[in-house]
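Participant: Now that you have both chains on their own, put them together as the hints suggest.
Listed in order, the protein sequences are those of chains A and B. When we follow the numbering used here, the leftmost residue of the first sequence carries the number 1, and every step to the right adds one. When we follow the numbering used here, the leftmost residue of the second sequence carries the number 563, and every step to the right adds one.
You may find that some hints are simply not true.
[Claimed, not checked] Stretch-level coverage of chain A by chain B, calculated; a stretch enters the list once three of its residues show a Cβ under 8 angstroms from a Cβ in chain B: (1) 170-184; (2) 252-258.
[Claimed, not checked] Some chain A residues close to chain B (C-beta under 10 angstroms, calculated; not the full set): (3) Trp11; (4) Phe16; (5) Met69; (6) Phe161; (7) His162; (8) Trp163; (9) Leu166; (10) Val187; (11) Val233; (12) Ala236; (13) Tyr239; (14) Ser243; (15) Val352; (16) Glu354; (17) His360; (18) Gln362.
I should point out that these hints are in silico values taken from the structure, not numbers from a laboratory. All C-beta atoms in this analysis are idealised placements derived from N, C-alpha and C, irrespective of residue type, glycine included.
What follows is the residue order along each chain.
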Amino acid sequence: MFQNFRLSMAWLHTWFGLVLGFVLMAVFFFGALSVFDREIDRWAVPESRFEPQPMPSFDNLLRPIFEKMQPTKTDIEQFSSRANGPMPEHFDTPVRWGAYTTHRDPVLNIFAGYEVPNAIHHDDAIFTSSTIDPRDGRIFPDDSLKIGSQFFYPLHYSLNFHWMDLGYWIVGFSSLIMLVALVSGVVMHRKFFRELFTFRPNKATQRSALDLHNLTGVVALPFHFFFAFTGLVIFAGIYFPVSHTQLEQLHDQHEIHEAQVTGLPHDRAGIAAPIASVDAMVAEAQRRWAERGMAGDVGFLALSHVGDENGYVSIYRAGTDRVALTGEGIHFKASTGEVLREDPPRTVVANVNEFLTGLHLQHFRHWLLRWLYVLGGLAGCVCIATGFIFFVEKRKRQYVKQGSQNARVVDALAVTTVTGMVLAAVGMLIGNRLLPGTLPAGWPPRGNLEEYIFWGVWVLAMAHAFWRSAPVAQARMNPAWVDQCFALAFLAPVAVVLNWITTGDHLANTISAGYWPVAGLDLALLVVAGLAFIAGRHLRRKTQTESATATNQLGSAEVQHG
Amino acid sequence: MSLKSSSSSPNLTPAHILGRIGAGILGGYVFVWGFIALSLAGLYAVGMPFHDAEAFGSIIGFLLYLVVFLWAFAAQSMGKVWLVLVGSGGLMTAAAALIQHSLV
Chain A
1 MFQNFRLSMA
11 WLHTWFGLVL
21 GFVLMAVFFF
31 GALSVFDREI
41 DRWAVPESRF
51 EPQPMPSFDN
61 LLRPIFEKMQ
71 PTKTDIEQFS
81 SRANGPMPEH
91 FDTPVRWGAY
101 TTHRDPVLNI
111 FAGYEVPNAI
121 HHDDAIFTSS
131 TIDPRDGRIF
141 PDDSLKIGSQ
151 FFYPLHYSLN
161 FHWMDLGYWI
171 VGFSSLIMLV
181 ALVSGVVMHR
191 KFFRELFTFR
201 PNKATQRSAL
211 DLHNLTGVVA
221 LPFHFFFAFT
231 GLVIFAGIYF
241 PVSHTQLEQL
251 HDQHEIHEAQ
261 VTGLPHDRAG
271 IAAPIASVDA
281 MVAEAQRRWA
291 ERGMAGDVGF
301 LALSHVGDEN
311 GYVSIYRAGT
321 DRVALTGEGI
331 HFKASTGEVL
341 REDPPRTVVA
351 NVNEFLTGLH
361 LQHFRHWLLR
371 WLYVLGGLAG
381 CVCIATGFIF
391 FVEKRKRQYV
401 KQGSQNARVV
411 DALAVTTVTG
421 MVLAAVGMLI
431 GNRLLPGTLP
441 AGWPPRGNLE
451 EYIFWGVWVL
461 AMAHAFWRSA
471 PVAQARMNPA
481 WVDQCFALAF
491 LAPVAVVLNW
501 ITTGDHLANT
511 ISAGYWPVAG
521 LDLALLVVAG
531 LAFIAGRHLR
541 RKTQTESATA
551 TNQLGSAEVQ
561 HG
Chain B
563 MSLKSSSSSP
573 NLTPAHILGR
583 IGAGILGGYV
593 FVWGFIALSL
603 AGLYAVGMPF
613 HDAEAFGSII
623 GFLLYLVVFL
633 WAFAAQSMGK
643 VWLVLVGSGG
653 LMTAAAALIQ
663 HSLV
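If we strip away everything but chain B, and leave its shape as in the complex, we get (with noise of 0.2 angstroms):
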């Protein structure tokens, strides 16, 4: 934990530090955003009423956040993190919006 532990990391550059905070901050928003849509779309396709669906996306979303931020420090690939997050948090946004499309 002190300084002298971590700045014997090579890559420990203001810029990829700044890009594991995006990475932890954004990239998890937009694959919680995707989660909690998804989940509400689908369990209310498939019968949950509404607010059941809703408050069982957040309530799951909201623990998959700090999952997927631990792991954005964690893991040992940057641009994997990125990809993961935005990439299936886009997908499970497109599905969301599909699943609507089909029932409104």
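This is chain A alone, in the form it adopts within the complex (with noise of 0.2 angstroms):
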């Protein structure tokens, strides 16, 4: 295709990651993000404003929360497509209860399956969630969005783009890109450790923003690895659905012959069965890993064939303090609290993926680790980011003398996954203060608004970011920059005024209760109106020199500024 090997890698690495890093921009950023996911819940949920706890008592408290438990009329309508004709209006065999819960989790996670009777795949299952006050056993309003955990975690890794799975795909597809434009990177330059030390912010944009696309590409080119690399694995059932396709007949003979081994049904017996103790039950996994000297909480429960013969109960271990998500489980039989296996330790392989896939999800405890994985996000989105104003910055005096208005479309867009997905995500923290608790009867559920305010600010700001691009097709800046940043600084505030005025719960008050939380995220939005409030100066300034060197040196295509 070219000359030689730098040649193609170059090509690559200039088209593809133009074009991908676009979606890449919003997989960093919200990646990042979710990195505070249960805070940024507590943020938008102030129910949930309370101390992290234990999993409750199953007998007195999960239990009868269970057996209500039914799925709601929006997963009836999703499931509809995988029935022959209509679905049933009340689903009564429950195939699996479960809870999961983490060590920066107040409210607790819980979820049923039921069977289908009519499902074209008999063993498919209609599953239905909800969110719980694990104290009293309070359940949360279907339509209160976490905003963390259901909203910028999913968009990061599905751009909560769900029709056909398209999400999935197109962010598998960039993630490949990422790695393609790690390496093909580093094959473009020479000097690959110098570019670890050098940034000159004083030479001309197109330098500095070269000098900064590769400091933070170098710097956190293991991070920007791992994480994309990391992410293709934890989906790998999805990209390449091979044992539940071409090999699903092996799969289905695994699936029996395991369930022969470990003594854990497959099927149901169709024999009712009651449910023993499962507070003993899980009394007695406590006192097994006791045994082996390892933490005692539990982080996943589940009740598997529930109400029958072969039913049984699975208790995990929290992953606080390993990287793997959760393990040594221990399983009981249902209807007598018998132990019926003990998980072995895991394989080689197992312990490798669990090590790279539980890496990336970072369920453990370790604060300092987390932090840096938000600025491993965020030097991410530097290094994106400023590959785009490079290309811009070279191209821009070759399009305007072509004519070209490629230079105004690329820019408009570094505009909108710039500053415009941050505006985004900071209207949607705003219309969460702002929207009624109860909303009128008629309106759309209320987490559905807030999804609606996200996206609507962003395409407001992708349309400000191209009407006023004009000035680029001139090799001039985009005065949106300008006006977005002055936004933001504007905008941020108020979300951490509204926070206070609708909850009372001010920065002096949270600080001062060590309620992290909820302070640390008003803290960041006061760090982002401040950043954007120097940027939005500075860059002001400069078009302020550059219209003013633009009119002195009128007609001149080799404009210049310092």
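Facilitator: Here is the structure:
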């Protein structure tokens, strides 16, 4: 394709990086926010602002809630394409009940799956989930959106675009391109190590953008590679569904064989049976973990084949003290409480796999590493954004000569994915605080409205970036950068003030109480505002000198600025 | 990396670029599919636990995808890229099917 290897790598880096960089910006930014998804949830759902709780009693608290759980209308609608004929009104046979928590969760996530008699695939089940207060079993309203863990977090791996799983595929391909961009980026640069220490902020924009691009790319290279790669491994089952398509027979054979080896029944017996005390089973599991010298917090509790003779209870240890998510599972016969099986130590491959995925998902307790993840994610954003700026700076004069609008488009999309994206996130938080607790009848659910606000602000920011982009075609800066920086500098503190007005939790309060989930997000919003203000002022000064120079050298295509 | 140096390549037509992109994405996909299927079926057949074989296949598979994707753009002959990726991907997929057939 090209004369040499380096040129073909440069071509790949430039053009694939340009096209998919816009997706990767969102992946890195919302991935960075996901590190503190539970904390963002606390900010967005003020009723959940209390300390993390252990797994509550199953017998007294969870069981009555599970027994009353039923799929919501939305769950049923979503399932209907996987069933023959109309869906049942009521679901009587629970396949699975589960409760999941981490050391950062005050609220408890529970889910239940039910048999669907007319499902197309006989194994298929309809699932529904709820969020409850583990102290008293109060159920949080369906329409309150946990913005961190239910919106920003899935946004970073699916773009919240679920039609035919297309969002997953776009992000997956972009991750592959991230890996490609890292390898090709290293190949392009001969002076790899010198670039680790090179940043010339006072040179021309093109030079300093490239320095920053190389610096953030090279310093965080292992981080970028690791996260793009493990992101792919986590969703390998979606990207290469080999064991559920081509090798499904082999997979089914393995499952039945495994059920024989483990003694955990694969299917229901069809004989009704009661459920013994699950709390006693939890106590026994904790006794066995303690014997092995392990911390005894329950992370995941699941009942399979609920109410059947073959039913069993699986209890897993929370992933606070190691990289793997949950583990050391102990399984009990549900009707008697006798131990059926203790999971054996993990194999080498399983260890490697859980280390890779666990280090990405980071459910263990390590606040320093958590912050390093945020920095790594933001470094990724800086790397990609400076890539766009370098692209525009390098070509804008050439495009002016050709009368091309390319630089204008790229620059407007860069504005959209840098300041526009942050504006959308801040706008969503503001919407979250401004929407009334109970909405008038006939309105869409509250959480949906918050999502519309997010996408609406983002589209507006994009329209604004394009509308203001004319100067780029004359090799000057798009004033939308300045406008949106100042908009951020104004709106981010508005979110902080609204949090104060609507909940009473102002910074002096939350900091003195040491309530960091809320104090942290408020402080982060103020930092965003400060940085946006500094950047906006700097850029405005630059546009002013730029237009002054431009008037002085009217008609000259060789406009330079310092 | 500039347009100038790349446009001096004689064969950089849109059709050729699309051919390369197709080879990297689709050819690479067929190849990695074959690799994951064969390593899953093959390793399971020789006694590795099912999910271990699956995890092994996807961890190595994505690294291979990266390598063959880069190769699709760096190789001199595009025809060879298509042939090698789709050919060996197809062969590995078929081998996996045969192993499954003999096990089930």
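Participant: Is the coverage entry for the segment 170-184 of chain A by chain B consistent with the three-residue Cβ rule at 8 angstroms?
Facilitator: As far as the segment 170-184 of chain A goes, the hint holds, because 6 residues have Cβ atoms under 8 angstroms from chain B.
Participant: Have a go at the valine 233 of chain A hint: is there a Cβ in chain B nearer than 10 angstroms to its own Cβ?
Facilitator: holds (6 angstroms)
Participant: Does the closest beta carbon of chain B sit nearer than 10 angstroms to the beta carbon of valine 187 of chain A?
Facilitator: holds (9 angstroms)
Participant: How about glutamine 362 of chain A: closest beta carbon in chain B under 10 angstroms, or not?
Facilitator: violated (19 angstroms)
Participant: Holds or violated: the hint that glutamate 354 of chain A contacts chain B, with Cβ atoms closer than 10 angstroms.
Facilitator: holds (9 angstroms)
Participant: Does the nearest C-beta of chain B fall within a distance shorter than 10 angstroms of the C-beta of histidine 162 of chain A?
Facilitator: violated (22 angstroms)
Participant: Taking the closest Cβ pair, is tyrosine 239 of chain A under 10 angstroms from chain B?
Facilitator: holds (8 angstroms)
Participant: Any CB of chain B closer than 10 angstroms to the CB of phenylalanine 16 of chain A?
Facilitator: With Cβ-Cβ at 9 angstroms, under 10 angstroms, it holds.
Participant: Against chain B, with CB atoms and a cut of 10 angstroms, does the hint on tryptophan 11 of chain A hold up?
Facilitator: OK, holds: tryptophan 11 of chain A within 10 angstroms of chain B, min 5 angstroms.
Participant: Does the CB of leucine 166 of chain A sit less than 10 angstroms away from some CB of chain B?
Facilitator: Cβ of leucine 166 of chain A sits 15 angstroms from chain B, so the hint is violated.
Participant: Can you verify the interface hint for valine 352 of chain A: is its Cβ closer than 10 angstroms to any Cβ in chain B?
Facilitator: At 7 angstroms from the nearest chain B Cβ, valine 352 of chain A passes the 10 angstroms test, so the hint holds.
Participant: Does tryptophan 163 of chain A hold up as a contact with chain B if the rule is Cβ-Cβ below 10 angstroms?
Facilitator: With a minimum Cβ separation of about 20 angstroms from chain B (threshold 10 angstroms), the hint on tryptophan 163 of chain A is violated.
Of the numbered hints stated above, those contradicted by the structure are hints 5, 6, 7, 8, 9, 17 and 18, listed in ascending order.
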